[in-house]
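Given the coordinates of chain A, assemble chains B, C and D with the ligands onto it according to the supplied hints.
Here are the chains, one letter per residue:
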Amino acid sequence: MSSASVLAQPTKKPVGQRTDVVIYFAGDSGDGIQAIGGQFGHTCVRMGNDIVTFPDFPAEIRAPAGTKAGVSGYQLQFGNHEVLTPGDGYDALIALNPAALQARVKGLKDNGLLIVNTDKFGELDLKKAQCKTNPLEDSSLDRYQMFKVELTRLTRAAVFESPLPAPLSNREGDRCQNFFALGMVCWLFGRSLDPTLQYIDAKFGKRAEIAEANKRALKAGWVYCENTDAYVSSFEVTAAKMAPGLYRHITGNQATALGLVAAGQKAGLPIFFASYPITPASDILHQLSRYKNLNVMTAQAEDEIAAACMAIGGSYAGALGCTATSGPGLDLKQEAISLAVSTEMPVVIVVVQRGGPSTGLPTKTEQADLLAAIFGRHGECPLPVIAASTPSDCYMATYEASRIAIKYRTPVIFLSDGYLANGAEPWLIPAAKDLPPINAKQLVEVNGVKPFQRDTETQARQWVRIGTPGLEHRVGGLEKDIGSGNISYDPDNHENMTHLRKAKVDGIVREIPPTVIAGPTSGDLLILGWGSTYGAIKSAADLARAAGKSVAQVHLRYLNPLPPDLGDILKRYKKVLIPEMNLGQLSLIVRAKYVIPAQPLNKIKGQPFTITEITNAIDTLLT
Amino acid sequence: MSSASVLAQPTKKPVGQRTDVVIYFAGDSGDGIQAIGGQFGHTCVRMGNDIVTFPDFPAEIRAPAGTKAGVSGYQLQFGNHEVLTPGDGYDALIALNPAALQARVKGLKDNGLLIVNTDKFGELDLKKAQCKTNPLEDSSLDRYQMFKVELTRLTRAAVFESPLPAPLSNREGDRCQNFFALGMVCWLFGRSLDPTLQYIDAKFGKRAEIAEANKRALKAGWVYCENTDAYVSSFEVTAAKMAPGLYRHITGNQATALGLVAAGQKAGLPIFFASYPITPASDILHQLSRYKNLNVMTAQAEDEIAAACMAIGGSYAGALGCTATSGPGLDLKQEAISLAVSTEMPVVIVVVQRGGPSTGLPTKTEQADLLAAIFGRHGECPLPVIAASTPSDCYMATYEASRIAIKYRTPVIFLSDGYLANGAEPWLIPAAKDLPPINAKQLVEVNGVKPFQRDTETQARQWVRIGTPGLEHRVGGLEKDIGSGNISYDPDNHENMTHLRKAKVDGIVREIPPTVIAGPTSGDLLILGWGSTYGAIKSAADLARAAGKSVAQVHLRYLNPLPPDLGDILKRYKKVLIPEMNLGQLSLIVRAKYVIPAQPLNKIKGQPFTITEITNAIDTLLT
Amino acid sequence: MSAIQTVPLSSKKLTNKDYESDQEVRWCPGCGDYAILRQTQKVLAELDIPREKHVFVSGIGCSSRFPYYMNTYGFHTIHGRAPAFATGIKCVQPDLTVWIATGDGDALSIGGNHLIHALRRNVDVKILMFNNRIYGLTKGQYSPTSESGKHTASTPMGSPDHPLNPLALALGVEATFVARSLDRDLQHLGQTLHHSAKHKGSAFVEILQNCNVFNDGEWEKFTDKATKPMTTLALEDGKPMLYGPNKDKGLRVKGFKLEAVDLAKGEAKLEDIIVADSTDLALAEMLARISGKDSLPLPIGVLYRTSRTCYENDVVAQVQKARQDKPPKGDPLDGILRAGETWVVA
Amino acid sequence: MSAIQTVPLSSKKLTNKDYESDQEVRWCPGCGDYAILRQTQKVLAELDIPREKHVFVSGIGCSSRFPYYMNTYGFHTIHGRAPAFATGIKCVQPDLTVWIATGDGDALSIGGNHLIHALRRNVDVKILMFNNRIYGLTKGQYSPTSESGKHTASTPMGSPDHPLNPLALALGVEATFVARSLDRDLQHLGQTLHHSAKHKGSAFVEILQNCNVFNDGEWEKFTDKATKPMTTLALEDGKPMLYGPNKDKGLRVKGFKLEAVDLAKGEAKLEDIIVADSTDLALAEMLARISGKDSLPLPIGVLYRTSRTCYENDVVAQVQKARQDKPPKGDPLDGILRAGETWVVA
Ligand SMILES: Cc1ncc(C[n+]2csc(CCOP(=O)(O)OP(=O)(O)O)c2C)c(N)n1
Ligand SMILES: Cc1ncc(C[n+]2csc(CCOP(=O)(O)OP(=O)(O)O)c2C)c(N)n1
Ligand code: SF4
Ligand code: SF4
Ligand SMILES: [Mg+2]
Ligand SMILES: [Mg+2]
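If you read the sequences in order, they're chains A, B, C and D.
Each position in the first sequence, counted from 1, maps to that position plus 216 in this note's numbering.
Each position in the second sequence, counted from 1, maps to that position plus 216 in this note's numbering.
Each position in the third sequence, counted from 1, maps to that position plus 587 in this note's numbering.
Each position in the fourth sequence, counted from 1, maps to that position plus 587 in this note's numbering.
So here's chain A without its partners, still in its complex pose (with noise of 0.2 Å):
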């Protein structure tokens, strides 16, 4: 179904002119704050705005009622240009209730907009959120734009104002809570409600009452805001200049799922792809088991590393055998990992990063698994690994490594991060004849061509289409003979076939494109990133571009090996900088490779960097 853009809801007061806005939502885990904060980006884009969205929510399913621990959120930049990041301050703070603003009020700028449901701050209320003054009445909060509403009462009010087609207990009502409070944003940022309308439709038509009710909240918020005498002023956000073209939402697991399926389609090749659910990396296998019209097979596992040699199996067979996980599942997956790099097995290998270490912050992001993805495995058991920097950036970022993985026989690792999976973005929908093609051709007759003959260019075995009369062999874990594959423990052979592993995944450069730098090609600062930290650097380094500033960027897709020009271009900079959301884990293979004192800049708080922790390390280092 596609859809055309939406026009503002027309207003009667007077609007002002933005060219983008932060906003966040917070309120309670069962408050709906996911389903608002993704209808209003929808909403925006839709409108025409660039996006990008970053939804924070606790690991509970459901943490108690109005606690802090208990607190969802939503933040999301809309803007008239390119959208880099969630944005680092918010301009409007949407608290459903006292946890809510107590957890976030932090991030709201001075003079921001703060909406809060003055019908949640009982005493109870004020006791489960810790709060020991109400601070709706100290002065606390003076120097925000308070915007107080009895969201329960009206919310009510409005839902119930006229019989519905059929009976809503109180309960049911007061769920309609959060569509209220979308409706007030709506107003506020001269949004249309419509996608929200048919949204509501499309969710709960199967209850009318239910719908009826949501799109009387919906409407009800608007019109306080049409209405009300408090002073606050409507924005405008026009929209960007985005590519011409047709555009859907996605998310990074969204694109990572897309991607593995155009791999099979462009291979020519069934997807089978096993895993065991886990905090962040569930949702690929949610999204892969709707694709299997595509030829896509889906395996529920028993565990993390029966979900590898499942998957391990499939290429044996002759499938593109794909797995994913997060950090605690990349572990158990090693030891099978190791035996696919021994037997040559075309695996793709998806861990979307989470905070560590052990079951750590299993809903937040990081980036603290990038050692132990080219590393954590015993012996020298080399592998490439690729990582993607935006949520529809998995898409390419998951094709190429499974392009990789099916042209040199090999276990390729990818790594997204929380941020990338459940971040959205709208994306400019690319054509499948517009992909890179993939050869995965198997050895499919007996034609003088060994099963451990290998390719001149690429080193990579034959991929034996196992069934195959004649072409009868048997592969293993143990060392193998680098002409017939046969069990080989000669000590000359062995060290000929680690050369070999470690030249066959080096040799990969050779699929490298040149380096991009964004920015001078000399100079005194490189920024040096990959994965999610892409925009927060972008936007810092256009910004002291902007200011005169003499600072690059270049963001990695290829962790191993790295790009062969990359050791050039740093010696370029008089300083390189390394921002990650770990403690300087690129760092310390980018000064090994390179013997240059990179210096690291580290966050590790279960959050993307924001704009201004970057500028500031380079304001530090460039002074």
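These are calculated hints, taken from the structure and not from any lab test.
Computed from a predicted structure; not experimentally measured.
Note that the Cβ used here is the ideal one computed from N, Cα and C, for glycine as well.
Worth double-checking, as some hints may not be accurate.
[Unchecked claim] If you only want the chain A side, here are some residues facing chain B, beta carbon under 8 Å, derived:
1. E425
2. G571
3. G572
[Claimed, not checked] Simulated pairs of lysine-lysine, DSS-like, Cα-Cα distance not exceeding 25 Å:
4. K604(C) x K344(A)
5. K785(D) x K629(D)
6. K737(C) x K808(C)
7. K649(A) x K623(A)
8. K852(D) x K841(D)
9. K649(A) x K913(D)
10. K826(D) x K852(D)
11. K325(B) x K821(A)
12. K785(D) x K841(C)
13. K913(C) x K852(D)
The following block gives chains B, C and D with the ligands in isolation, referenced to the frame of chain A:
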């Protein structure tokens, strides 16, 4: 049982003198090569020599008889000075069949002594060994001193010379061939037969006919050389000047087991050792299960994951939890180790490295698990890593690993390898009282100290004796509040905790004594090593200095954190060479940390370095 | 005995409250886990065991958050491995009462192997498996106990797996105590927990638990007051297996099969009805096979119990025996360092 | 059907020889594995399946070297995980005949979880478990089937573990084919392998195998010609369970227990003797519990078989159904990329 040293068997023939000799015994897996190799080493030791041994056997329990794959070898160097490696080339090779000859003759020095069993060079034997022509007849062995013996016939003659205490089959008689060969070698190198005669009695005592047959064969081998006209001469190696004291033989695995027992004794804690068998680590379990009278509990778990978890459970309950494994098992344990890092449990993880990746070369040695030990877990998950340099050094290294684990409440990885694990050397037995103390203080009463309170120096948190009334608390793998230990999703807290975990491990530098430099304290070349390469590096460095070169040696016990003075030391040499049995893992860390272009020297053949290999690298670097 | 000992306080009588920790309970409102938590706190207060001697070990899952809410010792470990941690704990401190709180995913999917090995070893731990037939914490994928064909987040076209029967599995590996109870039958749950606590050895208790968010109503027909009498059969040793609102239906054996009969309708006499006997393995296996899907009522209570040495007892006994048989002399460490063949260099 | 297909050659009749690979067999002389290898080669030659359609998958262990010696496709994987690899293989190429060669350690210790999940899913693989009650490859530690108290390299004072009963485990997880045979009874072994090959679904075959190096004689009383008639009972569907040199001893049911009776001594009549019926689960469970340690003979042959959809069939069928129900139009990839809500920027 302690036994006095023994004197050489008196011979009537002239005797030459040597400072050291390298011998290689080779035969079929079923030929008893390991037995006579061990026995010969033992004899040398009893005669006052220093020795280093290197058993080298196939991965199969018993590979097919007569094939190269089935060759079992035992290399041994003995000398009248400190012996550091099993030797580069052999002075003598005892080859009990053509396969053994074919597989090992490469290592025999020119003009070296080659003893062959001519009875085993029939057509079938040659075919099994894949010999096209009979090597005894073509001229391929001309550069060796060949000593052909009809070993089978002579052994039978000796064994059945007169009636035995009970009848023996021909096959059983033939099994004595190894002792005939040993008898010959004892004559050739002026070794006493007494220790072997004692050994035979002890081992076969219950079956007098077998004991008698073996003794006859042993003596016959000696007498054969004494009387034979073959042109071979006997050499003697006088006793080495070894520090006075009580000695024993020890392998790395024995020393590792003893180190753990020592730690338990000194800390006043039970040892709870849980493990899953894997070559070459299994023996540690076997050893420890024999020390139950020293308060050692051992458990054979269902797999490596369970073993690690059991060990952590043991530590949680107040014992010193430990486990041992090899590469594939390390991969599997990483997720559990990550929990031990997060919950701060003192656990010792022994990793006996072997050839990888995957199943690789399970009976061969390698040093390729260093990066996996340091970085192989998801998230930022630091822990101390410690290595041993010789078989007997495993004792102190394991003890130190345990001491640090307990003092800092952290899992510690101790890296051994196949060469250390199976290699034996004489060991001046240390006294229990000389070990540094271990303070294993646990919180066993309510005294105002909180379970998550930290030691101000070490940052170690309390080790609460669970079961103590009033100290009930909960731990887990989710991120913990830095003060209370309760679950915390707070961004700043996570960053603080991440830094705290790193600082705690980094702080272990305070345990590291000043680095010992062998050779000049500044100069042309520093050779930096770790693990079992010690002997080869020391020998080569000593030789280089003797030849007037400016070459120093530093050998690391602490791999993480690295010694605090290492950076300064490295900078004092023009070049740094890092020999490793991997593709440059320590090199990577050193280059990253100190930003110096250290030179890797890599060997990855499942075999230890020879002195020559290191000497060559020195020569290349210094010219 | 192991060297690790703690001194128990003279234990005053405790109440449920004493077993509530200071941590907020973070399950969804309405989750069956609440009832299990409350019953466990109640049962513990009734047991004659000092509070500090209880340890709750868990894996990962909603259910595995359990230890945080118990004011005892607690270890929230990693997914599926709780039995292994518990085994280590028991070997080092055999006098602790070790509980495992686990889910159907944690225990039977990733943790299946550790579970069966703990059970066959008869490690003295009480395993409470909260069976909601779904993965709660990861938001609704099917679990090893989900019925085949089930539509979930990961199986939009239905699950292709045949489910595991937890009780049949436990019996198959010769667990020494196998029981089933319900989150919504507080009294039965309390009793069952009590029995498990009293059992010396591994106790496996499957607790049918409602996940009202991702699998609401899964067990309703067994827990709903209206249907429960006909759909469940509470086993009581020595008593005939009767059920139904008027206790006039019962189970009878026919060949090697169980059969439901109606006494009121004269289909059988009381003497025909099997008498519950939790020591009969073959009977337990037949009962365990009742799925509740056909006409037979689902048995709840203790299906089987037997006694066998506990693993940790043997482990500890070997240490004791070794210390008796080979008592270390002098400094024991010096003793073993010098054991075996040694020689003197002068 | 999956997209992965190969074209079979018109298969000429093959012999044992054709199933021997060119690799040297590297087991210890006298190892029971040799006999199993030879029988398997023989059975394969007799089956109506082209050679290239066989795949042998294994874990790690002496037994797991098996695939190297079979001139078929073979995958020597990692310790304990063969069932998971096999599941992947079967889903992608369901028409292959997939065999798993595994040991008691590989299958039941580290691999226990994958085994039970493969069995309950009924993945169509033939699992040959070489039970030598020891770890051979790692030189003689006890395994999950070793009797408790066993003295081995790792248990000098005796194993503290109660052994697993592989057949009871398999039945506990509702395996659809459960059998036992002996390395030394070539004919019986051949037949049993044949039955397993013909079964559609997971077939679990325990093969009692002698490790003459580390556990010699473990099964001697069941394999030795002299004692075998009294110690084993060969099950044959439809035939009464008779054994003994003169087939005059048999098994009878008493309550829920099996009992050995001597017909010659008049202890029972032929009608009292149970008739073998491999479709009766309760009977199979009782037979599986016979340990061979007491007076009852150890049953060999097929204890149980039933039929159930195979996992991979469902997996593949869902793909087929999805392709029928939602046939991709145009370039299918473009189709899904553009599915859902989209909008045009002009
Ligand atoms: C190694 C690992 N894999 C996966 C996960 C993700 N995970 C957490 S809980 C869970 C399953 C929970 O299901 P269950 O055990 O039934 O518990 P419930 O939430 O239903 O109580 C999974 C897959 C994890 N935490 N660790
Ligand atoms: C992950 C891992 N752990 C441990 C090992 C060591 N290992 C190899 S085979 C084996 C057990 C073999 O026993 P079994 O499966 O009974 O086979 P058998 O040799 O008796 O035929 C073990 C523990 C390994 N190879 N990989
Ligand atoms: S998701 Fe289900 S099991 Fe988990 S807390 Fe919520 S209701 Fe309970
Ligand atoms: S160790 Fe045992 S099982 Fe392994 S090959 Fe030798 S006899 Fe066979
Ligand atoms: Mg569950
Ligand atoms: Mg075995």
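A quick look at each hint next to the structure:
1. E425: Check failed: Cβ of E425(A) comes no nearer than 37 Å to chain B, outside 8 Å.
2. G571: holds (6 Å)
3. G572: holds (2 Å)
4. K604(C) x K344(A): Given that 25 Å is the threshold and the Cα spacing comes to 20 Å, the pair holds.
5. K785(D) x K629(D): holds (15 Å)
6. K737(C) x K808(C): holds (18 Å)
7. K649(A) x K623(A): holds (19 Å)
8. K852(D) x K841(D): holds (18 Å)
9. K649(A) x K913(D): holds (21 Å)
10. K826(D) x K852(D): Given that 25 Å is the threshold and the Cα spacing comes to 21 Å, the pair holds.
11. K325(B) x K821(A): violated (62 Å)
12. K785(D) x K841(C): violated (32 Å)
13. K913(C) x K852(D): violated (53 Å)
In terms of the numbered hints stated before, the structure departs from hints 1, 11, 12, 13, listed from lowest to highest.
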